Amino acid sequence: MESKRLEAWRSLTTPAAVAARQSWVRETVQRMIGPFPARCDLDPRVTGGFDRADYRVELVIFDSRPGFPVTATLYVPRGDGPFPAVVVPCGHSANGRMVEGYQRAHIGFVKQGFVVLAYDPISQGERIQYLDDAGQPTIGNCCHEHCMAGNQLALTGGSMANIRIWDGIRAHDYLLTRGEVDPQRVAVAGNSGGGTLSTFLLCLDERYAAGSPNCYITTLVHRIATRMAADSEQQFVPMLLEGIDHADLLLPAAPKPVQIGAALRDFFPIDGTRRTTADLQRVYEVLGAGDKMTIATTDNVHGWDKTLREAATMWFNRHLRGVDEPYEEPDFPVEDDPTLFATRTGQVLTSVPGALGIHEIVKRDAPPKLACRAAADPVAATR
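Take the sequence shown: its letters are residues 0 to 382, numbered as in my numbering.
It is worth saying that the hints were derived from the structure and are not from the lab.
Warning: the hint list may mix true and false statements.
[As the list claims (entries may be wrong)] Here are the simulated lysine-lysine pairs, DSS-like style, with alpha carbons at most 27 Å apart: (1) LYS3 / LYS110; (2) LYS305 / LYS255; (3) LYS305 / LYS110.
Since this is a predicted model, take the numbers as computed values, not measurements.
Just need the whole structure built from these sequences, with the hints factored in.
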């Protein structure tokens, strides 16, 4: 299948051929992860906030699916909008959007004049899904929870990627309800698992104007060679058989400006990152946009470090603000976790009336035949 995929990429020599491949990728990815649900009422609520010298912060909850609340932090610059904006899906951190390195990205963006919406992925931050009676996690870390939920979804014909991507699409929807935001200048950026989601969102949400996925992009051949574990949402079944690789996932974004961030000593192999970047650059050249696909690197291990954060900020400044100049991230304090809590207890399941856990979402949204079998015989329903 890899040889067939490479042959298809060699044929991308005209804008028409590129457009056909872009449509095929979107359709194929959507088929692999399943259809998205109908858009429900976001039911957005601002539960708190505070002011800082050159920006303000709002603590937000919205529903991506009925009964499935998403916690987020909204950063708004001082001054008159509308402003460009950045959606930030977080990587695999226990405290989600509140981890220090991610806060530094958020604050760096807002200080440069971007509205920023950083949201907690499922099983991270304020969205832990498996709690005991004392409100403590029972499964383990977020990766364990992602795989637990992913197994349940696989058994009922669902997809963890569908759950995760839809959260991101609804985050974008929420951002566009804000009068401070210019809807034509919204970017997406994230690191690690957030780089994964940034890539998926650039593939399936055509509204984005620019992107910066960090510490994720390589090739599947290189990734398999490392044999590192991966969460359920990071694998579409059957990606390899369908001929979908990382370059394909970013192809639908062309010719929009996309900068791939990479750490030279990452467990996402840099050789694969360079190959994917080169493949995409050739396509961007076909579209007359060779300057809109690039790679930024840091001599470091896996992580959204200062160098990569600065590179993402400069990229968005150039393409969304028309500011093409060097940028150095200043030193600034970050907030402690409770200051950023959008919920009373720090967890939606113990704070938000009617909030459902992922296992309840799986049961509710399973095909009717499976749901009936599960109610009658939970073991038989898996056969």
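Each hint tested on the structure:
no., hint, verdict
1, LYS3 / LYS110, "46 Å, violated"
2, LYS305 / LYS255, "24 Å, holds"
3, LYS305 / LYS110, "15 Å, holds"
This entry does not satisfy hint 1, going by the numbered hints stated previously; all others are met.
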